[in-house]
Amino acid sequence: MKFVTRLLAAATAACLLLGLGIGQADAQVLDRIMKEKKIRITAQVDSAPFGILDKNNKPTGSEIETARQIAKDLGVELELVQVSGPQRIPALLSDRADLAISSLSITTDRAKTVWFASPHGALSIVIGGAKSVNIKSAADLAGKKIGMTRATLEEQEVPKIAPPGTNIVFFDEHAATQQALLTGQIDAIGCAAFLINDLAKKAPDKGIETKFTVATAFYAVAVKPGNYDLLQWVNTWVFVNKLNGVLAKIYEQNTGVKLVDLPTL
Amino acid sequence: MTYVFQFGIVFDRFGELLEGAWLTVQLAAMALALGMAVALTCAYLRTAGPKPLRMLVVAYVEAVRNTPFLVQLYIVFFSLPQLGVRFEANQAALVAMVVNFGAYATEIVRAGIQSVPVGQIEVGRALGLKRFQIYRLIVLFPAIKAVFPALASQFVLLLLGSSVVAAISAKELTAIANTLQSTTFRAFEVYIVVAAMYLAIAVGFRAFFAAVYWFVFARGRER
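If you're matching them up, the sequences are chains A and B in order.
Per my numbering, the first sequence runs over residues 1 to 265.
Per my numbering, the second sequence runs over residues 1 to 223.
These are calculated hints, taken from the structure and not from any lab test.
These numbers come from a predicted model, not from an experiment.
Incorrect hints may have been included.
To be verified - These stretches of chain B come out as covered by chain A in the derived footprint (C-beta under 8 Å, 3 or more residues):
# : segment
1 : 26-35
2 : 186-192
As the list claims (entries may be wrong) - Going by beta-carbon spacing under 8 Å, a handful of chain A positions derived as facing chain B:
#  : residue
3  : Arg150
4  : Ala151
5  : Glu157
6  : Ile161
7  : Gly165
8  : Thr166
9  : Phe170
10 : Ala176
11 : Gln179
12 : Ala180
13 : Gly184
14 : Gln185
15 : Asp187
16 : Tyr219
Glycine is no exception: its CB is placed at the ideal position from the N, C-alpha and C atoms.
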């Protein structure tokens, strides 16, 4: 009996030690990064203007530039871990990446699995249309035909503000929705703000402009739960670079729209 | 398997799906009527018309049969407005469906016409009938009878193919299903129900065709 008790005590002690060891390893990610002189950050290169491949097949875009700036300020080498949209969080949780910086909008659902830093960028959903179309606020949408793409943020947000009598139609791809606007098949489009600038540039004769903002989502750097030290450093980084204008510069250079005021998480 | 089916979400919004199904039925029925008119005219021109018109029909049939329906749809919806011809999404869908079905049906009816024995046409000539009279009174009936099953099959293909008009925002059955799916994330339930609805519509039209065949071609003709 005495032997069994001792064995149990030893086993418990071993487990505790192991557990502590794992906990400590997690809490020292920043130390590890500094020691290895390398940080691994997710790169989603199929979501312009946040992450795309340039003419030489090199990753670029506002989120990629953010990752580069973070590595530079840490004074370490950057390793980009390529992910698709749905892989952004799994890459973090499986320790393939130290940080997820891929326009990950802050939602309460995602916060159940990852920890968000303070937001460093924003994605606005707007209504856009030709100058000749008279839309100034949500109320003017009544009786108009508004097109948007399925399975997007605008699909969730625009119907919430649309008055009765708004004719909302859906397309399967961004390209089709934009084409419908340019050919006059719809009166206005619901889409991300930067797309309007893109459309205005592509078809200058149509006079496409932003009518009003429907909703704004903020995206942030995410870390694996438990990485306090890294999260604290990223929050400090966001604070400093918000004040010195670096965040706004990266955002505006890549998306072509002004960065809105960022709230603090 | 740990997936939990939640058909409740789909049946809560079943009314929307029914509206979509009704539009699908309307589009298909109108495309059938107008497409058959196109086919009967073009098949006549193709077999008995003057040479330039004959060539024109061949060009139309081959152009349509050798290009994707989706591309034809985009041309009607996105390209024609730039030439000043504007159709609403549902009208554009109907136009594309008529053009598409018309071409296939032309080719099927042509085959039926050519299956009519030459002797019957010669009899018509001997009786002093004009060319169009021979077509209408002697050739058409046995020709359509011979290819009726092929026409019915082609129509069902058109009905099922109409699901792609969701791409230009026509609010038919598949479009409603896509929207339902992307807002509820219940892809499995939504598409199973929609597949069953298409099946019901197709079976319904097949029964309609069987009835037409019976009344027009078979009744009282068994010997």
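Going through the hints against the structure:
| no. | hint | in the structure |
| --- | --- | --- |
| 1 | 26-35 | violated (count 0) |
| 2 | 186-192 | violated (count 0) |
| 3 | Arg150 | holds (5 Å) |
| 4 | Ala151 | holds (4 Å) |
| 5 | Glu157 | violated (12 Å) |
| 6 | Ile161 | violated (16 Å) |
| 7 | Gly165 | violated (16 Å) |
| 8 | Thr166 | violated (14 Å) |
| 9 | Phe170 | holds (6 Å) |
| 10 | Ala176 | holds (6 Å) |
| 11 | Gln179 | holds (5 Å) |
| 12 | Ala180 | holds (7 Å) |
| 13 | Gly184 | holds (6 Å) |
| 14 | Gln185 | holds (7 Å) |
| 15 | Asp187 | violated (13 Å) |
| 16 | Tyr219 | violated (21 Å) |
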